[in-house]
Amino acid sequence: MLELKKIYKWVNNGNQRVFLLKDINLTIQEGAFVSIMGPSGSGKSTLLNVIGMLDGFNEGEYRFLGESVHQLKEKQRTNLYKQHIGFVFQAYHLIDELTVYENIETPLLYQNVKGSERKAMVADILDRFNIVAKKDLFPAQLSGGQQQLVGIARALIARPKLLLADEPTGNLNSRQGEEIMELFTQLNKEGTTIVQVTHSEKNAAYGNHIISLLDGMIENSGIQN
Amino acid sequence: MFRNYVKIAWRNILNSIGYSILNVTGLSIGMCVALLIGLWVHHQYSFDRFLPEYQSVYRVQRNFNSNGDTLTFPTTSLKLADALRTQIPEIQYVAESDWTRNHVLLVGTKKLSVNGATAGTDIFKILQHPFIKGNADAAFKNAYSIVLTQSLAKSLFGNEDAAINKTIRFDNAHNLTVTGIIKDVPSNATFSFDYIVPSSFVYATNPQIKTDGLSSFSNNNLQIFVKLKPGVSYEQVAPKIRNIEHTEKGNINAMNSYVILQRMDRWHLYSNYINGKDTAGFLSYVKMFSIIGLLVLIIACINFVNLTTARSDKRAKEVGVRKAVGSQKKHLIIQFLTESFLLTTAAFVFAFLFTLLLLPLFNTFTQSHISVPAGSFYFWLAVTGCLFLITLLAGGRPAFHLSSFNPVKVLKGFSPTGQSSFSRKLLVIIQFSCSVALIISTLIIYKQIQYAKNRPSGYSLNRLMTTNMNDDLQKNFTALKNELISKGIASSVTTATSPATDVWWHSDVDYWPGKNAGETIEMGTIQVSEDYFKTVGMKMFEGRDFSNAYDSTSVIFNETAIQRLRLKNPIGQKITWHEKNYTIAGVVKDALMVSPFKTADPTMFFCVAAPQGNLLYRLSANTETQHSIVQLTSIFNKYAPAYPYEYAFSDQQYATKFNLEQLTGKLAALFASLSVFISCLGLFGLAAYVAEQRRKEIGIRKVLGASVRQVWILLSKDFLLLVLISCLIAAPVSFYFLHKWLLNYDYRISIGFSVFVLSALLALLVTIVTVSFQSIKAAIANPVKSLRTE
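Order-wise, the sequence lines are chains E and H.
Residues in the first sequence are numbered from 1 upward in steps of one, following this note's numbering.
Residues in the second sequence are numbered from 226 upward in steps of one, following this note's numbering.
With the rest of the complex left out, here is chain H:
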């Protein structure tokens, strides 16, 4: 019996090969999209969940009360790490870490600049990365040690066996012994590194860092990881740690800080803190794309339903005959479901192949590292489950519809299709509502990105370059600066504690004229060398620039900072910062150093004589960049021979601020065009069906004198009406969601009427093109032929 079903199903598929191709194509595109998004979503949810006991691992965050607003910072102090370790018995391990940076590792003649962290001794007891050589207890007994990942060990020493107990020259200053090899940190880890050096090494080589770190809760430049003791919940610990920094009386910053923990599995998806709670973040994007993936799949299933029910009159006679010879309804249902299962499976095979083919492209596109878990039992279980679900979803309605025909009626030639045309129209409306909504979203996302890109940034990033400072460059900074300028390579050179496109340090102004009691204002803080404003191209709003490298009692604020401080005549006023008095020398115009979508951060600039961590230099005008880089390489190698010359262009760094929005825009565009394409496949099939069904009518109308144009309009207008209704539904729905999305941005477009009109026109145009192929074909057919069939 089942063989018979399969055979009949197969023949039916072949008989109407055109429809079958439409069906399978649409469905496989839908499945491919769903599969890609499904893998992507799974990847996002898998973040930080691969380590043992991840559920008791936390990262420390500080809620900071800034004049009633709660701001959350992940930066913490060594003193806090120490306090958590000694005062809270529920916490098993505490490890502080820096934010990872590139250091130069030298083995023999092999010189690599690699990203790694310095971290507390217990780091591998908290983040329990599996050791291949060595173990978590012994790894950091000695301060001069280093733990490598497997692949770094391979690239430095050839293989991991050769690496253990070998010596590595670190930053051309110290020798470290390899005490452990761990497995590579997976791509779905939030805290990612290629090696870890113990913090004890940093303190041994620079004891001042430890003294400073332990002196105040305000020296926030580290991140802290903790592991709770087994059986201890966060709720038990939370009240004990909340006010732990309040012991430092007299430190406003510490008194306004409240310590909280964020569990490891929330690091990736709940990255944004709003009012001190990790309620938002990347999760909203993951959710959005899950919904889009599901919608595209549903659109594809709707195609399937529509094309199959539309063709039901072709099958009506078969149903009649089968029922007349004794088939029960359930046999027919099984038969039709078998057919749809075959098509679904075929579609899945194509979808799977597409996915394998497109995955590398998708990975570059989304900057992720997803692979198809083809060896996983659960993957195939999920796939099989989905196949059955889609079979029911797509094939269920047609199966029940077809099997319910009354045999006497269908055998007499009664055509049962009219009944389902309403639900078919409804489904088309759903399809196009989704598609149009996606078109609208794409347009608005692109407009928003374009709007922010065209926003004046307030400074000039063109030809501006950054290099991380290292010990050698620091020593030779003055010579380097002079050589760059005298050789005409750079027009201006400076250093700062932050790169040109970010603010790495926030601190409080302790006192300013007009300060209310207990008031705190957290400000971006940048220590700069001479020529900073000239180099980054910021213009003075009023007052003056720092007079020279030793202008250490002056401070310069940006406009927003002055507004926050409520200073009417700022120039010459005195403020206190870090227990020192400064005079406001000038106000610089706002620059969008942090986010092009937000208002500028309030920022203050201090001038220091010693070079800071980021070397900033602007290439001279009219020099060729490639040539300049060759010259720069030789000069930098001369002054810092142990370090490879590395650089970044500030305008490119600025461009990365649009990455998430750009990714969203690209994906929305991709899915919008796919869903439009799938919907059009369905429409194409329906138009063909309608043209076929109304063939006789068209023949009669032509005989009665209808022109090609009239028939074309007759056949197309119904579809156009459906799409028009879809546009009317899509417009308010997408307006609601996009308006909410735009609220994330301080600097945003207002949604204009034109976007909706443009999207509607686009949808209508695509519809006309799709439908016209069939309706014109029907309209120019000779009526004699269609009428002779009777």
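If we strip away everything but chain E, and leave its shape as in the complex, we get:
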């Protein structure tokens, strides 16, 4: 599905070059469930952002579904990730001023999906996530677990091929975290490729491919079956 080749990313601090990512080579197959692990500051989130095309890189090649991401223009890149990638954040990042329904609907607005179709799609996912009753509530009226559920629903609404999750359970208690992980596993079985960043060994174990990062380099990469 995607392939990173010799990815370097750095920032210049004075005359010193600080590497955020160093010589990253990574291939993720369609249908994989990848967990990225590593201590704070090891470059997990940066790598995820690079994969999600939110962040650029200084050197290397990135191919996504056969397209050379590093050669695309901003607009084409936006179109590419808008269609194929969904994001889930540790802090949920729901829009406080919008209801649950409206939050979930937002990505469809940006993809110019027609009104009736939008309605159907949102209704479908509300139903699937069992949050129909909450559709008119605002984020502040939900618990953390429920907010994250909405965040995931929003990430999935446009039926992306790849789901990127940055510590999706970081702000949740363990029971809520487990439920989210169960959900990810379920989604993965249904065909969604998932890449998650996590601190927790336990959550990492839900995946079938664990990548350990240290100081911006891949320390360990193992595919489990």
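Because the hints were derived from the structure by calculation, they are not lab data.
There's no promise every hint is true.
DSS-like, lysine-lysine: derived pairs with alpha carbons at most 27 Å apart [claimed, not checked]:
| no. | chain 1 | residue 1 | chain 2 | residue 2 |
| --- | --- | --- | --- | --- |
| 1 | H | K1010 | E | K75 |
| 2 | E | K5 | H | K1010 |
| 3 | H | K350 | H | K335 |
Add chain H to chain E, keeping to what the hints say.
Same frame as chain E, but now just chain H:
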């Protein structure tokens, strides 16, 4: 404690230096405008109030009943002055005066043409200008005397001590002795002059003037000042003087005149009489600009309120912590008010400097003489009072809003800003309603001026020049005329009792065919020499021009006059004027001699052989003006060596008729652009704040696939909506006031839809530009950065 407040306030100001600059800039511009207008308004109100006992000084006016319409004239007769002096015991002093004109004063080789008046002996007992040398009682004992102002004495004699009892050659004809020196007449005096010569001098040198003046109430060519006895009110005098002219039975003009008085402090502001009452005038402009000044200040204060409350979430945590450690609400209020007082004071310092810097410019702009009364205690008292008021006005709301935060909530990270966003929007709407209304007003005022300027004046003022007649020119008029024409300098030369751009004399037609019993029609009256119509370029509508200089039994009316007289076939009809019969020889097309905004005055022209007071001559085509003036100077100096050659171009005189409107237009444009600018400063700050506040949301939306354009629209549309609402409010409000303003003019534009659309588009465009800077900046920011902050 207070030091601590100041310190914290200072740090906060420095910390958010961008906002502080926006705040102070907006507020200081607002204050500067308010200060300038305040000084200007104060100056207008100070008119004629500087003399002792001004409250018992009056000017005589005549209400004239013209077929049911009451017209008010300030022109009066010597006979009226005499009647008031002898018949009304409540009146202490009466002094008649002419309307001031330039005379030539000669001292040694120094020859100056200066503006002065001839006035009755008691003039300085009524207008009690302080004497530096001499006194009001003794000044005019001798007819051949003159009282100078301090600065004229200086320029004629070097200093005022040298001037007293010296001799001045007056108009190259008589010697006058300087009997008094008064302080200069201040710029806020309605009746302004550089010297006064007693009327007794005029009567001594030309006794006929006195005989004529005393013979009839209709010989109205003077103004009269009176002072009432102490303790006498106008109400006591009014009934006695009202019908004082009615003793002259058989004089229709006098029988229809009602004498009234206008108190000195109303001369300047209540200059217009409507239906015989001084209800209007310059005051309406003074009021209008007071309101505009206040509006600009309020717009600036709104900026302050909006920017401060908008940033309150930045301060929320501080409030929470302070409350948690025991601060009471009142401490916080004092703290925030201290902060706003500091900013207000800073803004005032800048405003004061701007004002000092701009005052000369403002003075030329408004043709006034305003200065900052920096030495006046009351000025500083007023300024301090205003500073406290503005502090409360601008800082009060934010102070109470911020200090009311619940500490537990704000410390938990609750953002309290949402609550005030409605009132913030309301304030923005108020700001932009005012700004848009000012834009609309500016456009309409300019359209009205342009409309009147493009109006055909009915005659030709291009290359037409005027010179005041003097004794020497009068004697040599025929020679002068011949020389000007034979040398090809002027194509045509004439004289008249009025200049080309005004009518100085109004009188009644005593009889005309079809006149109703008791009917009176007051008409502009101009006595002219040969070639008048040719010189000023008026075309005959029907009939003929005066046949020659001695065509003294013919009269020519303009079209409006014929309509008033209701004459169907005017040519050849007989009328009576001043007890003499005239035949209507012709009708001339209307010319806008008085006002380009009104219909032409009904006017009649009589031909006289003797040259009149205004010399009118048109420069020949294809001559260079500068060269012509050199030639004119030498010719005029030849025929009138004692007088400096002075001239005016009639088209420039005509242009001064637009002065008040043009001033209004310029000031409205200035204040409109300033208020738009201040509003935009506020909007700029708000847009920055909103972009900052919605940073996270923008990040999320971008991650979800929103394009730069979509985010830009998202952030800008709220502001555009507010401005659009403002336009909808401003349009009917400004329509109401401008429609009322336009009713002042007979010749006016109709307010079209396009002005409102244009103003709205302008406001929206300015808004888009202002807001876009911030919203595009927010839209192109990398979402990763904004989301990482969590």
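Going through the hints against the structure:
In summary, the hint linking H/K1010 to E/K75 is supported, as the alpha carbons are separated by about 19 Å, within the 27 Å threshold. Simply put, E/K5 and H/K1010 have alpha-carbon atoms about 25 Å apart, close enough for the 27 Å limit, and the pair holds. For the suggested pair H/K350 and H/K335, the alpha carbons sit about 31 Å apart, so the restraint of at most 27 Å is broken.
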